Amino acid sequence: AQTVTQSQPEMSVQEAETVTLSCTYDTSESDYYLFWYKQPPSRQMILVIRQEAYKQQNATENRFSVNFQKAAKSFSLKISDSQLGDAAMYFCAYRSPYGGATNKLIFGTGTLLAVQP
Amino acid sequence: DAGITQSPRYKITETGRQVTLMCHQTWSHSYMFWYRQDLGHGLRLIYYSAAADITDKGEVPDGYVVSRSKTENFPLTLESATRSQTSVYFCASSELRGGITEAFFGQGTRLTVV
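Line by line, the protein sequences are chains A and B. Heads up: the first sequence is residues 1 to 117, going by our numbering. Heads up: the second sequence is residues 1001 to 1114, going by our numbering.
Derived by calculation from the structure, the hints in this document are not laboratory data. Watch out, some of these pointers could steer you wrong.
Said to hold, decoys possible - A few chain B residues that don't get close to chain A, going by computed Cβ distances all over 12 Å:
| # | residue |
| --- | --- |
| 1 | Lys1011 |
| 2 | Trp1027 |
| 3 | Gly1063 |
| 4 | Thr1109 |
Claimed, not checked - Some chain B residues close to chain A (C-beta under 7 Å, calculated; not the full set):
| # | residue |
| --- | --- |
| 5 | Leu1043 |
| 6 | Leu1045 |
| 7 | Tyr1048 |
| 8 | Thr1101 |
| 9 | Glu1102 |
| 10 | Ala1103 |
| 11 | Phe1105 |
| 12 | Gly1108 |
No experiment lies behind these values; they were computed from the predicted model shown. Glycine is no exception: its CB is placed at the ideal position from the N, C-alpha and C atoms.
Using the sequences plus the hints, can you model the full thing?
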């Protein structure tokens, strides 16, 4: 069974600085999807960025980028030029590309990010 | 409005009562999911459904019942609520075709069992 581990329960960053959130996962599959979701105090789950395992190029969305290391099974999220609105819980998630019973998101335990003004 | 909606947003119930959380999506996604969120555990899958009338257990299904008679609805019922079921519940939907790979989440329901 696949597992996702986020080893940093809490992180803090100064406004305008860069922070990296760590995520590792375990799987025997060669193809899969990885995601970072943001959960602000409103509780809404917001997709930040996604990565297909077959793509070697790291995904980027504006100030958010990932460092995807397939062999190491690592998927870290880098937030550049941090803003106060980035303060939230961040979840790393894994998903198989196949249908049926495997088509579900597996989440890590989350990292709570605080942004200091 | 298009999207996925959960109701109610907040619910307080007593131990032993039956309570149903509603979930409705307008995209006609095949897959729907129920997760519970607890501090230190992240989101854990309770039940999921691959299509109407097809449901299966997730990681923590005990004490919960689901049904999916229509594609757009996926209610979650706590048959006899216990305090350990106090949590935030999220419904989600997704599809695997058309390039859609991520799940879309409802706003969550905060359930308190007293």
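Open item on the list: Hint B:Thr1101 vs chain A: min CB-CB distance below 7 Å?
Closed with: 5 Å, holds
TODO: Mind verifying the non-interface call on B:Lys1011? Its CB should be farther than 12 Å from each CB in chain A.
DONE: 14 Å, holds
Open item on the list: Checking hints one by one. Is B:Leu1043 an interface residue toward chain A, by the C-beta closer than 7 Å rule?
Closed with: Check passed: Cβ of B:Leu1043 comes within 4 Å of chain A, closer than 7 Å.
Task: Interface exclusion of B:Gly1063 relative to chain A, criterion Cβ beyond 12 Å - done: 19 Å, holds
Task: Proposed interface contact between B:Gly1108 and chain A, which counts if any beta carbon pair is under 7 Å - done: Hint holds; B:Gly1108 Cβ to chain A Cβ min 4 Å, cut 7 Å.
TODO: Would you check whether B:Leu1045 satisfies its interface hint, that is, whether its CB is within less than 7 Å of any CB in chain A?
DONE: 6 Å, holds
Task: Status of the B:Phe1105 interface restraint (C-beta, 7 Å, chain A) - done: Nearest chain A Cβ about 4 Å off; hint holds.
Task: Closest CB of chain A to the CB of B:Thr1109 still more than 12 Å away - done: Incorrect as stated: the minimum Cβ-Cβ distance to chain A is 9 Å, not above 12 Å.
Task: Restraint outcome when B:Glu1102 is required to lie within 7 Å of chain A by C-beta distance - done: 5 Å, holds
Open item on the list: Over 12 Å from every CB of chain A: does B:Trp1027 meet that, or does the non-interface label fail?
Closed with: 15 Å, holds
TODO: Identify whether the interface hint at B:Tyr1048 stands, where standing means a beta carbon of chain A within less than 7 Å of its own.
DONE: Result: holds, 5 Å to nearest chain A Cβ.
- [ ] Answer holds if the nearest beta-carbon of chain A is closer than 7 Å to that of B:Ala1103; otherwise answer violated.
- [x] Holds - the Cβ of B:Ala1103 comes within 7 Å of chain A, reaching about 5 Å at its closest.
When held up to the earlier numbered hints, the structure conflicts with hint 4 and nothing else.
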